[in-house]
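Taken in sequence, the protein lines are chains A and B. Quick note: the first sequence uses the working numbering, first residue 1, plus one each step. Quick note: the second sequence uses the working numbering, first residue 1, plus one each step.
Derived by calculation from the structure, the hints in this document are not laboratory data. Honestly, I wouldn't trust all of these hints.
[What the hints assert, rightly or not] One side only, chain B facing chain A, incomplete, derived with CB under 8 Å:
1. 16
2. 20
3. 56
4. 139
5. 141
6. 151
7. 205
[Said to hold, decoys possible] Facing chain B, from chain A, some residues (calculated, C-beta under 7 Å):
8. 157
9. 245
10. 421
All C-beta atoms in this analysis are idealised placements derived from N, C-alpha and C, irrespective of residue type, glycine included.
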Amino acid sequence: MPVSKEQLEEIALSRKEYNLIVQKLGREPTEVELGLFGSLWSEHCGYKHSKALLKLFPNKGKYVLIKPGEENAGVIDIGDGQVVGFKMESHNHPSYIEPYQGAATGVGGIVRDIFTMGLRPIALMNSLRFGPLSQPHNRYLFGGVVGGIGGYGNCLGIADVGGEIYFDDCYTGNPLVNAFCLGTGKAGELVRGRASGEGNLIMLVGADTGRDGLHGASGLASRTFEEVRELRSAVQVGNPFMEKLLIEACLELAKTDWIVGMQDCGAAGLTSATVEAADKGGSGMDIDVQKVPRREKGMTAYEVMLSESQERMIVIVKKGYEGKVRALFDRWELHSDIIGMVTSDRMVTIRDGGQVVAHAPVEILNTPPVYRFRPKRPAWLDGLQNLNLSKIKDIPSGQVGKILLKLLAAPNICSKHKVYRQYDHQVGDNTVVLPGSDAAVLRIQETPKAISMASDGNGRYCYVNPFLGGVIAVAEAARNTACSGARPMAITNCLNFGNPDKNDVYYQLQECIKGMSQACKKLKTPVISGNVSLYNETRGVAIFPTPVVGMVGLIKNVKHHCTSAFKHSGDIVFLLGNPGDDAGLGSSEYLELIHGKVEGSQQIDLEMEKQVQDCVIKAIERGLLNSAHDCSDGGLAVALAESCIQGGIGFSGNLNAKGRLDTALFGESQSRIIVSVSPGAARRLESLAFRFNVPVTRLGIVGGRQFSLKGHIDLPVSELHQAWWNGL
Amino acid sequence: MKFGIVVFPGTWSDRDCYYSISNILGQKAAYIWHKDTDLSGFDCIVLPGGFSYGDYLRTGAIARFSPVMEAVADYSQKGRPVIGICNGFQVLCEAHLLPGVLRQNDHLQYRCQWTYLKTINTSTTFTSKCQQDQVLKIPISHYEGRYYADADILKELEDTSRVVFRYATPSGQVTGEANPNGALNNIAGIISKQGNVLGMMPHPERSCEDILGSTDGNLIWESIIASI
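Bound conformation, chain A alone (with noise of 0.2 Å):
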């Protein structure tokens, strides 16, 4: 079949990798077999552009016990037979093109990557971008997602804890919708997503198979917006009731000694979850597309292949057992059809009725080829990373309290609640700490212990510095985790960024990878799944390099857990680590806000980010703190204030500025967490942080009505909270 240039265009494939192809099988592909390998070897299916880089993240540690690519998710042990499965996923482009439905079936995809393993789902998070909202088209989109997250994750019944939104310019063509899913289980009751064993049965169970969805993967997810205006079919709708009872019927499956698998249909729908399954199975399968439930008549065999109709799952039922796998779906009124099985001849076979349409082996389909380039530093980031202060004029003293004021209502720092407040986040009855707090915790029932989830990753540090931007995104959101008293695990991840054929994007993609890794080994948490997501680029300007780090930690004893909030009037306030200085200014949200610049590298320092953290999650451990709270957006005043306003309590304190003022209130430097103490219990917290090699500083005292920094501010908690609370 000779193939012309539009058709490899719908599937976003290049000549020379359809030559490839033609050379590995030793002949023309079919259509349906195109099909297949367009959406394998896509970039969303495939990883080509970012294989070789994925391979840098450090993935081992003693309690890992499913590492990223084995299975849909990552899994760690956290003791006593119980174990915790966590992902995180795009869907970026959907919700450009749709909103709602992009936003929804983002939240339903990564809860399947959950189930799917025998996990019960127990928390969501986003991480959402867009642009400024005074932009009409960006609040559509906001709203747009905000709902579709809502309406999709309230119906399901799994708590929504948080996670972040962050504005800027650069997402408007652009916006990016990360969703972040949680789970538990037991060690014994996973399930894998293989197929094997000769003659088992595939089961496709679920929603029926309609047109919707076609070439999500390969289209949507591997192009740059631009070319895909006119690709809304490639979003597709959600039905979180069928999502629900899924859930509930595939959990109750994960139970009983009646399957060797389970396996989602996600993007690439059936074909990258039969293929999949067999290359992990180390098996063939023989499907037959006829056996397809559909929604509408006349879907040919390669549409029914690459459909990606939501709430679908394919079941590996060992053979005999069909009876007990279809009453079980029966009886959550769900669809279960045999559509194939298991072969051994390690070849994927797809039939239409008595035709033959596809038939290739699955180790061809499933090894998309592995690009690698060595890109040059782009010559654009010296001036970026330089910060001249000399050009701007510090704060006058008495523009601080005005300043700090327009810091807590922007966009970027000030109350999420409108948002969160839609989401259902105390469902399960698990809900220890609920948004708005550094980082969500969760207790894991019928044990003393707590899982603390928090994301984070800053696109303006990355874009002026993608290395120390990617070490910092896990540093902040490993800090978050610490602040609950969690020690922090491992980690998720979701890599947004632009075009990867061009050389600064690859840089940047490059960089990001390498400063992530870094910090995960010095903070000892592997990355145990994640995403990536590129080609987020509108007009050929690309967003902000924006990785986004889920992290996942541990508290051993629920009862010593943290939040952000002061608590008790009379209670010291210090700060852990060094006081910061002028680079902590650098691209900052103060610097942006107030002086309109973006320039300016943050710095690191990793070895106190560690005894920083590991000294505030001893002190909650031993009952010492009563707040914590990572100082981070909009600097120490900002950090000083959001306690305040969430314990609805005044504080009063010095600051012992040197140099500029700027830097002292607004400079975002690293490794700081503002901590609270009652008085009987400051010696013990100052020697604990000798101990552990960390800073300690004064700071000043809880109480009152007022928020006050001698000489610089006194303004009424309730005035701070205003603004806060009204902010977006």
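Using the hints, position chain B against chain A.
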């Protein structure tokens, strides 16, 4: 005593009710599948929250036709206690076991937050352990929670002390600001004429432990337990 927790397709509060009743209150509990009709052996029926049948039609409008609901109607006619929480309240209204309806929140958004309920009537099966006007901290999570009824029904409810809970401020003031969804008269929960069927939008099963932020929900469960 033994609680029966009804599970419709799409119900999700069932597990939370089960956990709180068995692990926190130490009572027996069992799930009742929506197709089951035998309710003998249960001392109280719980219709939990969730999205029964996806709530794609009016909330609760399909669930009311489940076989179990006929049994629930019989059960309630015998004067035995039934509590409907959130979606369960909506189902009870659709099944005409309680008057009125739950409409979309006036701001047209889903709302999940802590609310403060003023206990208006403490002489019921569900509130005997509460003090008069006691404020209970119990969270809501719904899109359709705005209680509405015709003026004459509303008057009857008020005149016969069948409004059990109203949304209030933490100090017990019943104000417009404390009303999270636009419910008429700040109504958060009502009771049937016979006094044995309670419907409430807030989730008492979410407020049974200090670690989760409140134990006020226990007062409702303990009242039921004391009445049997």
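Hints, one by one, checked against the model:
1. 16: holds, 4 Å
2. 20: Constraint on residue 20 of chain B satisfied, holds at 7 Å.
3. 56: Result: holds, 7 Å to nearest chain A Cβ.
4. 139: holds, 6 Å
5. 141: Given a least distance of 4 Å, the restraint on residue 141 of chain B holds.
6. 151: violated, 31 Å
7. 205: OK, holds: residue 205 of chain B within 8 Å of chain A, min 7 Å.
8. 157: Cβ of residue 157 of chain A sits 3 Å from chain B, so the hint holds.
9. 245: holds, 6 Å
10. 421: holds, 5 Å
Of the numbered hints given earlier, the model fails hint 6 alone.
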